[in-house]
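Asker: Just so you know, the sequences run in chain order A and B.
Anchor point for the first sequence: position 108 equals 108 in this note's numbering, and the numbering is continuous, going up by one each time.
Count along the second sequence from 1, then add 1000; that gives the number in this note's numbering.
No lab work stands behind these hints, which were simulated from the structure alone.
Be a bit skeptical, because a hint or two may be false.
[Claimed, not checked] Some chain A residues close to chain B (C-beta under 10 Å, calculated; not the full set):
#1 4
#2 30
#3 32
#4 48
#5 57
#6 67
#7 118
#8 137
#9 166
[Unchecked claim] What the simulated footprint calls covered on chain A by chain B, stretch by stretch (three residues with Cβ under 8 Å from a Cβ of chain B suffice, anywhere in the stretch; the number is not a length):
#10 16 to 26
#11 86 to 93
#12 125 to 136
Note that the Cβ used here is the ideal one computed from N, Cα and C, for glycine as well.
There are 2 protein chains.
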Amino acid sequence: MKKKIDLTEHCVSSATLADGNMLTAKRDTVRLPDGSESYREYVLHPGAVVIVALLPNGHLVLERQFRYPLHQTFIELPAGKIDPNEDVLVTGKRELLEETGYIADDWVKLGIQHPCIGYSNEVIHIYLATGLTAGQHALDDGEFLEVFDVSFDACLEMVLSGEITDSKTITALFLAEKYLAQQHG
Amino acid sequence: MKKKIDLTEHCVSSATLADGNMLTAKRDTVRLPDGSESYREYVLHPGAVVIVALLPNGHLVLERQFRYPLHQTFIELPAGKIDPNEDVLVTGKRELLEETGYIADDWVKLGIQHPCIGYSNEVIHIYLATGLTAGQHALDDGEFLEVFDVSFDACLEMVLSGEITDSKTITALFLAEKYLAQQHG
C-alpha cells in the first residue's frame, strides 16, 4: 500500500436542504484537498442495529417487509433504528422482540457496517443473537411484516440466487458465517 | 414459510421534499395494508455499479476515499453512479477506468444489491472484472481517491477486522468469494 495521502474534506458551512418527519437532508459547503470548494448533500440518520438471530435448530429468523422506496417486498434480517440516547444492545433486544417476538439470552457484537457512505451518515451495528425463546411481537404503528425462519445454508442460497439483495442483511450474514465457522472449526 | 400476505403500500400522492444538486428527497402519502394512510420519505438515486476487479496475481483493486457524510476515509471497491440512459456494463467499465486506470477483458455479473431499502431507491449492480491491464485513470472534478491492491484473503481479513465496513464492498466480496470458490472448486 502506498503512503496514505490526506483526503479530508473540511466543512465550510452547513445548511438544511429538507427537514421531513423521518428524513433530514443537509447540504454542506466543503473545502476539498486541493483547496477548492464544493458541495456535499447527505441524509442524517440515527444509526441502526441488525440482528442475526439463530434458533436452536440452526435456522435464522427472517422477515418479509414491503419497502416503499423500491415498491418491492424484501427478505431481511430483523433490524431497526436506534432511539435517542439508547444503548445499541438495548436497541437490538427491543427490535428483535418488537418485530419477531423472540428474546435472546446471548448477544455477540460482530461489528459495524456503513450502508450508504456516499449520501448518509448511517451506521448499522451487527449482532449475533442465540439462546432464543419465542414470545409475542408488537409492531410499531404503520409497520407490517411477516416473520419466518430458514436454515443458515438456505439463507446463503437465497443470497446467491438473488432472492435476498438487501446489503445490510448480506453483510451481516457474511460476518456471521465467518464467526460461526471460526467457533465450530 | 407461511403463506405470503400482501404487504404492499400504495402511493396516494407524491411531493418533493428537497431538490438539491445531487440529492432529491421525496415525501409520499401512502395507503398501508390495513387501509390507513401514512407517509414515506426517501431519496431518489440513479443506481450504481460496484466492481470486484481481480488482478492476474490474485489481488483486488481497492480505493481509499474520504466520505463526507461520515467524515471518515473508507476502503472500498471501485464504484460509481449510472449516467442517464447508460448501460450498466458501460458504467462499470467507465468507472473502473476513471477511478483506477484499469481496463478489464472479462466481465461477469454477480448480481445486484440494495444498500438502503428504508429510505433510498438505489440499486447497485455487482460485477467481477478480470483480465486487467493498467492504463491511466481520470477522476471526476472534485473526486480525490487513492488506489491500491491487496490479496483476496487480506481483503476478507480487513472485513473481519473492521477495517472495511462499507456494505456495498462487503456484499460484493461475499458474492465474489462464493462465485470464485464454485469456479475453482
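Asker: Confirm or reject each hint.
Answerer: Cross-check of the supplied hints:
no. : hint       : result
1   : 4          : holds (7 Å)
2   : 30         : holds (6 Å)
3   : 32         : holds (6 Å)
4   : 48         : holds (8 Å)
5   : 57         : violated (15 Å)
6   : 67         : holds (4 Å)
7   : 118        : holds (7 Å)
8   : 137        : violated (14 Å)
9   : 166        : holds (6 Å)
10  : 16 to 26   : holds (count 7)
11  : 86 to 93   : violated (count 0)
12  : 125 to 136 : violated (count 0)
The structure fails hints 5, 8, 11 and 12 (numbered hints given earlier, in ascending order).
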